[in-house]
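Enquirer: So you can see what is in the structure, the chains are spelled out below.
There are 2 protein chains.
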Amino acid sequence: MIRVIQWGLGAMGSGMAKLILEKDGLQLVGAIDTRPEYAGKDVGSVLGLGRELGVEVQATPDGLLDPDVADIVVIATTSWTAQQMPQLRQILGSGLNCISIAEEMASPEAQSPELATELDQLAKANNVSVLGTGVNPGFVLDLLVVTLSGVCHKVDRIEASRVNDLSPYGPTVMATQGVGITPEAFKEGVANGTIVGHVGFPESIRMISDALGLGVDRVVETREPIVSKVLREAAHVTVQPGMVAGCKHIAVGYAGDKAVVKLVHPQQVHPHLEGQSTGDYINIYGTPDIVMSTGPEIAGGIATQGLAVNMVPHVVQASPGLKNMLDLPAPAALMGASAYRRRV
Amino acid sequence: MIRVIQWGLGAMGSGMAKLILEKDGLQLVGAIDTRPEYAGKDVGSVLGLGRELGVEVQATPDGLLDPDVADIVVIATTSWTAQQMPQLRQILGSGLNCISIAEEMASPEAQSPELATELDQLAKANNVSVLGTGVNPGFVLDLLVVTLSGVCHKVDRIEASRVNDLSPYGPTVMATQGVGITPEAFKEGVANGTIVGHVGFPESIRMISDALGLGVDRVVETREPIVSKVLREAAHVTVQPGMVAGCKHIAVGYAGDKAVVKLVHPQQVHPHLEGQSTGDYINIYGTPDIVMSTGPEIAGGIATQGLAVNMVPHVVQASPGLKNMLDLPAPAALMGASAYRRRV
Numbered sequence: 001m002i003r004v005i006q007w008g009l010g011a012m013g014s015g016m017a018k019l020i021l022e023k024d025g026l027q028l029v030g031a032i033d034t035r036p037e038y039a040g041k042d043v044g045s046v047l048g049l050g051r052e053l054g055v056e057v058q059a060t061p062d063g064l065l066d067p068d069v070a071d072i073v074v075i076a077t078t079s080w081t082a083q084q085m086p087q088l089r090q091i092l093g094s095g096l097n098c099i100s101i102a103e104e105m106a107s108p109e110a111q112s113p114e115l116a117t118e119l120d121q122l123a124k125a126n127n128v129s130v131l132g133t134g135v136n137p138g139f140v141l142d143l144l145v146v147t148l149s150g151v152c153h154k155v156d157r158i159e160a161s162r163v164n165d166l167s168p169y170g171p172t173v174m175a176t177q178g179v180g181i182t183p184e185a186f187k188e189g190v191a192n193g194t195i196v197g198h199v200g201f202p203e204s205i206r207m208i209s210d211a212l213g214l215g216v217d218r219v220v221e222t223r224e225p226i227v228s229k230v231l232r233e234a235a236h237v238t239v240q241p242g243m244v245a246g247c248k249h250i251a252v253g254y255a256g257d258k259a260v261v262k263l264v265h266p267q268q269v270h271p272h273l274e275g276q277s278t279g280d281y282i283n284i285y286g287t288p289d290i291v292m293s294t295g296p297e298i299a300g301g302i303a304t305q306g307l308a309v310n311m312v313p314h315v316v317q318a319s320p321g322l323k324n325m326l327d328l329p330a331p332a333a334l335m336g337a338s339a340y341r342r343r344v
Numbered sequence: 345m346i347r348v349i350q351w352g353l354g355a356m357g358s359g360m361a362k363l364i365l366e367k368d369g370l371q372l373v374g375a376i377d378t379r380p381e382y383a384g385k386d387v388g389s390v391l392g393l394g395r396e397l398g399v400e401v402q403a404t405p406d407g408l409l410d411p412d413v414a415d416i417v418v419i420a421t422t423s424w425t426a427q428q429m430p431q432l433r434q435i436l437g438s439g440l441n442c443i444s445i446a447e448e449m450a451s452p453e454a455q456s457p458e459l460a461t462e463l464d465q466l467a468k469a470n471n472v473s474v475l476g477t478g479v480n481p482g483f484v485l486d487l488l489v490v491t492l493s494g495v496c497h498k499v500d501r502i503e504a505s506r507v508n509d510l511s512p513y514g515p516t517v518m519a520t521q522g523v524g525i526t527p528e529a530f531k532e533g534v535a536n537g538t539i540v541g542h543v544g545f546p547e548s549i550r551m552i553s554d555a556l557g558l559g560v561d562r563v564v565e566t567r568e569p570i571v572s573k574v575l576r577e578a579a580h581v582t583v584q585p586g587m588v589a590g591c592k593h594i595a596v597g598y599a600g601d602k603a604v605v606k607l608v609h610p611q612q613v614h615p616h617l618e619g620q621s622t623g624d625y626i627n628i629y630g631t632p633d634i635v636m637s638t639g640p641e642i643a644g645g646i647a648t649q650g651l652a653v654n655m656v657p658h659v660v661q662a663s664p665g666l667k668n669m670l671d672l673p674a675p676a677a678l679m680g681a682s683a684y685r686r687r688v
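In the order they appear, the protein sequences are chains L and U.
The numbering of the first sequence is this note's numbering, which starts it at 1 and goes up by one.
The numbering of the second sequence is this note's numbering, which starts it at 345 and goes up by one.
These are computed hints drawn from the structure, not numbers from a lab.
We put the beta carbon where it would ideally sit given N, CA and C, even for glycine.
Careful: at least some of the hints might be erroneous.
[Claimed, not checked] Calculated pairs, DSS-like style, for lysine-lysine (alpha carbon to alpha carbon, straight line, at most 27 angstroms):
#1 U/K498 x U/K531
#2 L/K248 x L/K262
#3 L/K124 x U/K606
#4 L/K154 x U/K362
#5 U/K498 x U/K602
#6 U/K498 x L/K18
#7 U/K362 x U/K498
#8 U/K602 x U/K573
#9 U/K531 x U/K592
[To be verified] Covered stretches of chain U, going by a simulated chain L footprint (3 or more residues, C-beta under 8 angstroms):
#10 478-490
#11 497-510
#12 538-550
#13 555-569
#14 628-642
Please construct the entire structure, taking both the sequences and the accompanying hints into account.
Expert: Below you can see the structure in the form of structure tokens.
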């Protein structure tokens with residue numbers, strides 16, 4: 001049994017904790033969350049499982065970060081590497097492996113090379129591994145893209161899109177994607193940084209470029225409003241015709257003057273109301289060409305939780321250091337004993 | 345530069361040799377083929393490149409299987425592990441790594457566990473790695489399937505199909521797929537083993553089952569004739585209405601009584617003449633469901649050549665022993681320097 005600590009019990013973290021509890025080869029030995037209403041409660045009742053598990057939610061990691069207690073920490077607390085560094089230093093410095101779903105951790109070298117170097121050295125010094133993963137970045141627009149390229153004699157350029165529906169999400173996502181506002185307010189929001197769009201394009205492009213040797217030296221991102229022609233009503237927002245339904249975020253990786261990787265992630269409420277299906281689309285232009293799609297898109301939050309948990313055996317068995325999804329064997333659902341024994 | 349020997353210069357092997365020559369990080373240092381018309385010729389003229397490369401095609405491996413000469417042998421000579429064992433023993437016993445495109449080598453333990461054990465022990469004893477790869481088995485109906493499952497909380501069952509067009513192929517393939525004959529003759533051919541259909545289903549199912557821990561203990565294969573309703577004319581065969589256009593080969597992996605993996609590979613000439621598109625289709629029934637397709641199918645021969653060459657850096661850097669595509673990091677096209685430095 002691999003002993004796992006879940007750090008962070010928000011929307012993603014609570015799903016991950018429940019999944020860890022369902023897996024025969026994993027044991028949830030600790031839970032950390034700063035929400036005052038969780039402190040001291042059994043994680044079973046915090047997760048709404050209707051039973052107690054003998055694991056108390058702690059506001060701090062005290063007593064948990066110990067190789068005698070646990071093998072790995074799965075952490076879901078933020079999107080940003082710099083913000084997570086204190087916790088990562090604690091975890092790795094205590095001799096525990098780590099999986100993070102912070103988007104920037106999918107490839108921290110992309111935007112924070114010194115932090116990446118520090119994480120790699122700290123992990124090696126403590127004989128453990130640290131991995132960033134998630135559905136995007138970490139799977140759809142990087143791992144899947146690279147894997148498909150593996151059949152190619154040559155790759156001229158790559159274009160991949162992930163089209164999803166934001167309608168189930170809450171007010172925070174509506175705000176960071178600019179849903180329900182005027183095109184002018186959208187433009188302002190992008191300029192002042194309140195409209196974020198997708199987090200992870202530099203990371204995905206870095207992973208693709210490094211794995212294939214494409215030599216990307218520049219990433220240019222644009223965020224355009226998706227202006228609706230029709231009325232779109234969702235749980236936490238109503239979009240009038242002429243207002244913004246979401247954010248079309250595009251990133252292009254250039255090698256010199258050549259655009260070699262283009263990643264597109266239009267996020268909006270109810271895309272189907274204007275004839276847009278949801279899905280993941282990967283186009284590799286090369287020898288051979290590859291045209292791949294999923295319909296609908298790979299379900300986001302569920303997939304991130306799945307990846308974080310499914311990668312536990314890989315990370316525990318990996319060689320020490322900072323890893324990304326392209327360094328490790330293919331992820332797989334953990335459905336039985338042999339899944340926990342993946343040779344690395 | 346990784347020094348590569350190409351063993352086998354048939355349709356697949358010659359394509360692999362040409363691709364090796366195009367890759368900056370690889371050097372073709374030897375070529376082996378038993379065709380009398382090739383013996384003693386420069387591999388450049390044998391490959392039709394219009395120039396000499398200073399590498400002579402040898403009928404035997406004499407003088408080549410030496411770590412001072414080469415790092416790895418890429419071998420394309422047969423579909424069957426047992427038939428390739430003499431060459432594999434020579435290669436590994438000489439201290440060279442090996443990549444094979446023999447279909448059974450994608451997972452030799454599936455049908456030949458003692459040979460798999462021997463290969464693993466021989467590779468370890470000589471501090472080298474051996475890998476079987478190819479488009480199918482080795483990629484579409486196993487690696488891609490497993491990778492997609494990596495987002496899943498649970499997998500109830502998997503159904504995947506690869507639909508291709510046999511019309512470009514020659515008389516041997518027409519014969520082994522039963523194209524152009526009567527349904528009765530097809531049934532006979534399956535019974536007497538001349539109609540083979542696809543090679544690789546036990547291997548793909550074994551890889552999927554092991555990676556996910558599905559516990560498949562029995563694989564049942566069926567080969568049905570695809571009887572054409574229309575006239576289908578191809579380069580090496582004409583199929584009259586009522587005659588066989590190809591072989592629908594299905595394999596089901598059972599865990600006890602439960603069918604957990606179903607792989608379908610209908611191979612025929614001109615499927616579009618009866619409204620069937622070509623493509624690779626992967627359906628994972630679980631949490632979440634995944635519905636993936638490529639259109640058209642990932643081009644077979646080209647993809648096998650690409651994988652065999654693209655996996656060279658992985659295999660050279662891997663830990664010693666017998667490997668399969670699920671043991672190693674994601675394959676990637678070799679387009680620049682960093683592609684040759686994939687961390688394992």
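Enquirer: Take the hints in turn and mark each one as holding or not.
Expert: Hints, one by one, checked against the model:
1. U/K498 x U/K531: violated (39 angstroms)
2. L/K248 x L/K262: Holds: L/K248 and L/K262 sit about 13 angstroms apart, inside 27 angstroms.
3. L/K124 x U/K606: With Cα atoms ~42 angstroms apart, L/K124 and U/K606 exceed 27 angstroms; violated.
4. L/K154 x U/K362: holds (13 angstroms)
5. U/K498 x U/K602: holds (15 angstroms)
6. U/K498 x L/K18: Holds. U/K498 to L/K18 sits at ~13 angstroms (cutoff 27 angstroms).
7. U/K362 x U/K498: violated (43 angstroms)
8. U/K602 x U/K573: Between U/K602 and U/K573 the Cα gap is close to 34 angstroms, so the pair fails against 27 angstroms, i.e. violated.
9. U/K531 x U/K592: holds (12 angstroms)
10. 478-490: holds (count 5)
11. 497-510: holds (count 3)
12. 538-550: violated (count 0)
13. 555-569: With 5 residues in contact (Cβ-Cβ under 8 angstroms with chain L), the coverage given for the segment 555-569 of chain U holds.
14. 628-642: The restraint on the segment 628-642 of chain U holds, since 11 of its residues have a Cβ under 8 angstroms from chain L and three suffice.
Figure legend: structure checked against the earlier numbered hints; hints not met, in rising order: 1, 3, 7, 8, 12.
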